[in-house]
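Trainee: If you read the sequences in order, they're chains X and P.
Note that our numbering gives residue 126 to position 126 of the first sequence, counting from 1, and the numbers run on in steps of one.
Note that our numbering gives residue 142 to position 142 of the second sequence, counting from 1, and the numbers run on in steps of one.
In short, the hints are calculated from the structure, not lab data.
Keep in mind that a hint or two might mislead.
To give a feel for the contact side, a few chain P residues facing chain X, derived at Cβ under 10 Å [stated by the list, open to error]: (1) Gly20; (2) Arg24; (3) Val26; (4) Ala27; (5) Leu94; (6) Gly96; (7) Ile97; (8) Asp138; (9) Val152; (10) Ala157; (11) Ala160.
All residues carry an ideal CB built from backbone N, CA and C; glycine is no exception.
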Amino acid sequence: MEGLVEAIAERVVGLVIEAIDINALVSKVDMDALLTKVDIDAIVSRVDVDGLIDRVDVEKIIDRVDVEKIIERVDVEKIIDRVDIEKIIQRVDIDALVEQTELGTIIAHSTSGVASEVLDVVRAQGVGLDDFVARWMDRILRRKSDDWPPGPVLLVSSVSEGDSLAVAAGAQP
Amino acid sequence: MTAPTITSAPVVGRQGNYAGAVTRLVAFAADIGVAWGIFTLTLASIDFAFQLVTGKQLNLGSRQVLTVAGLIIWEFIYFAYQWSLGGKTIGMALLGIRVVRTDGEAVGPRQAVIRTLTLPLSFLILGLGFIGILLNRDRHALHDRCAGTVVVYSWDARAARLRWLAKQDPTTPS
Chain X
1 MEGLVEAIAE RVVGLVIEAI DINALVSKVD MDALLTKVDI DAIVSRVDVD GLIDRVDVEK
61 IIDRVDVEKI IERVDVEKII DRVDIEKIIQ RVDIDALVEQ TELGTIIAHS TSGVASEVLD
121 VVRAQGVGLD DFVARWMDRI LRRKSDDWPP GPVLLVSSVS EGDSLAVAAG AQP
Chain P
1 MTAPTITSAP VVGRQGNYAG AVTRLVAFAA DIGVAWGIFT LTLASIDFAF QLVTGKQLNL
61 GSRQVLTVAG LIIWEFIYFA YQWSLGGKTI GMALLGIRVV RTDGEAVGPR QAVIRTLTLP
121 LSFLILGLGF IGILLNRDRH ALHDRCAGTV VVYSWDARAA RLRWLAKQDP TTPS
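Kindly generate the complete structure, drawing on both the sequences and the hints.
Mentor: This is how it looks when you write it as structure tokens:
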């Protein structure tokens with residue numbers, strides 16, 4: 001008996017739904033008034049976002065994404081134009097890079113020799129002694145030469161930018 | 001007054017800076033040595049060639065006036081020619097310095113010749129011509145002032161530092 005009633009009810013509901021013009025019904029509803037009554041925050045707070053995320057299979061989504069197609073649509077030139085290469089290079093610790101990568105070995109193999117090593121040492125010692133003498137002269141003459149121009153304008157301005165990194169790192173050739 | 005210490009820390013980043021007294025002095029000494037060596041070798045070669053051809057001894061070394069005159073001319077050519085070419089002599093190249101105009105431009109033949117001609121002046125006034133290297137802000141010697149030149153470091157100390165770093169063991173903490 002119950003089964004018969006349920007079957008009739010399902011049939012009736014189906015007929016009613018088919019008979020109703022949903023669009024006409026919705027057009028009569030004052031959606032704005034309805035939405036003002038809805039407490040979105042309350043709804044959101046009830047949603048278990050973590051649980052929802054846990055149920056999402058990210059790998060599956062990524063598998064569906066056509067990365068190649070996306071990359072094709074990306075204007076790399078435009079991105080590069082926006083990147084401040086100078087700023088990035090300034091943030092790179094060149095010394096650490098040379099010390100910890102094979103780049104150092106490449107530099108060593110390509111540029112070094114016994115003669116160049118000796119020259120480097122002699123020159124470095126020379127510059128060190130130059131500074132030593134200059135500092136003594138500053139002390140004897142009670143002057144401050146730190147504010148003096150380090151070299152001719154054309155030369156100093158052209159090399160100072162690249163070398164500022166190295167000055168910070170210190171030198172021990 | 002505490003004595004200033006000798007450090008190598010500021011070496012990197014000196015390219016284009018005014019060169020100091022010690023480097024310039026050593027470079028000059030090296031140049032004198034090289035120039036004198038070439039001159040002596042040339043005299044010996046001429047003597048040897050003369051003896052080989054004629055069987056007689058020319059002995060140029062004993063003709064003092066001729067030798068001194070030749071040495072002066074040779075020294076002039078040695079310095080003026082090299083400075084006019086690339087702003088550096090053999091000694092300066094070894095020590096990593098070069099001569100440029102006061103604004104940093106490369107020196108021309110005119111400056112090179114004036115610098116060479118006035119270089120002896122710095123000696124002739126009891127070496128006082130060189131005192132400017134210690135006192136002046138742009139480290140001008142007398143002959144620099146006359147020629148409108150300065151001496152700057154030209155070697156790439158940064159590359160030297162990188163080479164030095166490259167040779168270090170990567171596992172050793174710096």
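Trainee: Each of the hints needs a verdict: does it hold here or not?
Mentor: Hint by hint, here is what the structure shows:
1. Hint status for P/Gly20 relative to chain X: holds, with the closest Cβ pair at about 2 Å, below 10 Å.
2. At its closest, the beta carbon of P/Arg24 sits 8 Å from a beta carbon of chain X; the interface hint therefore holds under the 10 Å criterion.
3. Hint status for P/Val26 relative to chain X: holds, with the closest Cβ pair at about 6 Å, below 10 Å.
4. Restraint check, P/Ala27 versus chain X: the minimum CB separation of about 8 Å is within 10 Å; hint holds.
5. The beta carbon of P/Leu94 is positioned within 10 Å of a beta carbon in chain X (closest approach about 7 Å), and the interface hint is therefore held.
6. Taking 10 Å as the C-beta contact cut-off toward chain X, the hint placing P/Gly96 at the interface holds, the least distance being around 4 Å.
7. The restraint placing P/Ile97 at the interface with chain X holds, with a minimum CB-CB distance near 9 Å, inside the 10 Å limit.
8. At its closest, the beta carbon of P/Asp138 sits 7 Å from a beta carbon of chain X; the interface hint therefore holds under the 10 Å criterion.
9. Contact between P/Val152 and chain X, as hinted, is supported at the beta carbon level, the nearest pair being about 5 Å apart and thus within 10 Å.
10. The criterion of a C-beta within 10 Å of any C-beta in chain X is met by P/Ala157, whose closest approach is roughly 7 Å, and the hint holds.
11. About 4 Å separates the beta-carbon of P/Ala160 from the nearest beta-carbon of chain X, less than 10 Å, and the hint is met.
Every hint from the earlier list agrees with this structure, and none is contradicted.
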